[in-house]
Amino acid sequence: MRVEKTKTRRGKNFLEDRAPKLIENDKTAIIMRGNKMSEIVGKKKRPNTLTFGRFFDYQILDMVELQIEKFVSSEEFKAGGVTAGTKPCIILQSSLFESDPTLQRFGNLMVDWFRGPVVETVRLQGLELIISLTALDEKKILFRFYKTLLKRSPNSENPKVELIELGPQIDFKLDRSKLASDDLFSTALKKPKQESNKPKDKNTKFDAFGNKVAKVHTGRQRLDEIQTRKVKALKRKRSRSENMEVDD
Numbered sequence: 001m002r003v004e005k006t007k008t009r010r011g012k013n014f015l016e017d018r019a020p021k022l023i024e025n026d027k028t029a030i031i032m033r034g035n036k037m038s039e040i041v042g043k044k045k046r047p048n049t050l051t052f053g054r055f056f057d058y059q060i061l062d063m064v065e066l067q068i069e070k071f072v073s074s075e076e077f078k079a080g081g082v083t084a085g086t087k088p089c090i091i092l093q094s095s096l097f098e099s100d101p102t103l104q105r106f107g108n109l110m111v112d113w114f115r116g117p118v119v120e121t122v123r124l125q126g127l128e129l130i131i132s133l134t135a136l137d138e139k140k141i142l143f144r145f146y147k148t149l150l151k152r153s154p155n156s157e158n159p160k161v162e163l164i165e166l167g168p169q170i171d172f173k174l175d176r177s178k179l180a181s182d183d184l185f186s187t188a189l190k191k192p193k194q195e196s197n198k199p200k201d202k203n204t205k206f207d208a209f210g211n212k213v214a215k216v217h218t219g220r221q222r223l224d225e226i227q228t229r230k231v232k233a234l235k236r237k238r239s240r241s242e243n244m245e246v247d248d
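Our numbering numbers the first residue of the sequence shown as 1 and each following residue consecutively.
Hints in this document: simulated from the structure, not taken from any laboratory. What you are looking at is a predicted structure, and each value in this text was computed from that prediction instead of being measured. A virtual CB, placed ideally from N, CA and C, is assigned to each residue, including glycine. Incorrect hints may appear among the rest.
[Stated by the list, open to error] Mimicking BS3-like on lysine-lysine, the simulated pairs with C-alpha atoms at most 30 Å apart in a straight line are: (1) LYS178 x LYS190; (2) LYS202 x LYS212; (3) LYS140 x LYS178; (4) LYS178 x LYS160.
[Said to hold, decoys possible] Simulated DEER-style distance windows between Cβ atoms: (5) PHE55 x THR8: 23 to 29 Å; (6) ASP182 x LEU223: 51 to 57 Å; (7) ASN158 x ARG220: 32 to 38 Å; (8) ASN158 x ASP182: 21 to 27 Å; (9) TYR58 x SER99: 17 to 23 Å; (10) LEU149 x LYS205: 24 to 30 Å; (11) LYS27 x VAL213: 32 to 38 Å; (12) ARG152 x SER99: 39 to 45 Å.
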């Protein structure tokens, strides 16, 4: 897509806002519902199907179809609601989200869909909503929502956490999917130029806990040339022992 150089400050600011960033702008969701739908959702050829997708550079990046096999409304649960603007805790339960390419991209799509705006810190009471996605196999996905209750624990300073199912409860079957190629997906994850030109730290890596570990290379050390502290008492004992050996 060809982008001409702008001549106004407004156009320049618009292009800078659309350029790749280290922290991207908040996503905007468009939810559409057809006129001929059932009480749940439906189509003639593929009934009760939801389609999730996302765009990149005005093109479809990823798109998946989820067929609803079981649905329980939130009204069936008596857990109440959660605070508006609550930051959700998203859990992907199954090793298939790491091994299966389709589920791996689907899990990334769901995190991108539900993550909300980026915040610096989250207080403990703010972790009120849990979104759980469990993959039973390559096609069957369980979609659950839970509300957390923090209670005092007599044996620990950390609170005791209890989960109450909030609803809705949905069992999905993964249907058709259209995923971006590896090259297009890498382009969508492109970092800004000022970040890529930044000099990298050599001999550094991160361990499993996110701690930065560095390796330092030093020259050969000669211990006999190291300057140590000289104590007079040790010097006198040494001279006395040498005199006793001479007398013998």
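Hints, verified against the model:
Proximity of LYS178 to LYS190 is assessed by CA-CA distance (about 21 Å); at most 30 Å being required, the pair is judged to hold. Of the pairs offered as hints, the one joining LYS202 and LYS212 holds, with about 12 Å between alpha carbons and a cut-off of 30 Å not exceeded. With a CA separation close to 18 Å, the supplied pair LYS140 and LYS178 stays within the 30 Å bound. At most 30 Å may separate the alpha-carbon atoms for a hinted pair to count; LYS178 and LYS160 exceed this at roughly 42 Å.
Taken as a hint, the range 23 to 29 Å holds for the pair PHE55 and THR8, whose Cβ atoms sit roughly 26 Å apart. Take ASP182 and LEU223: their Cβ atoms lie about 53 Å apart, and the range 51 to 57 Å holds. Judged by the Cβ atoms, the range 32 to 38 Å given for ASN158 and ARG220 is violated: they are separated by roughly 50 Å. For the hinted restraint 21 to 27 Å between ASN158 and ASP182, the CB-CB distance of approximately 42 Å leaves it violated.
At about 32 Å, the beta-carbon gap between TYR58 and SER99 misses the expected band of 17 to 23 Å. Between LEU149 and LYS205 the beta carbons are some 40 Å apart, a value that contradicts the proposed interval 24 to 30 Å. Hint check: LYS27 to VAL213, Cβ distance near 34 Å, so the stated range 32 to 38 Å holds. In this structure the hint that ARG152 and SER99 lie 39 to 45 Å apart at CB holds, the actual value being about 40 Å.
The structure does not agree with the numbered hints 4, 7, 8, 9 and 10 stated previously, though it agrees with the rest.
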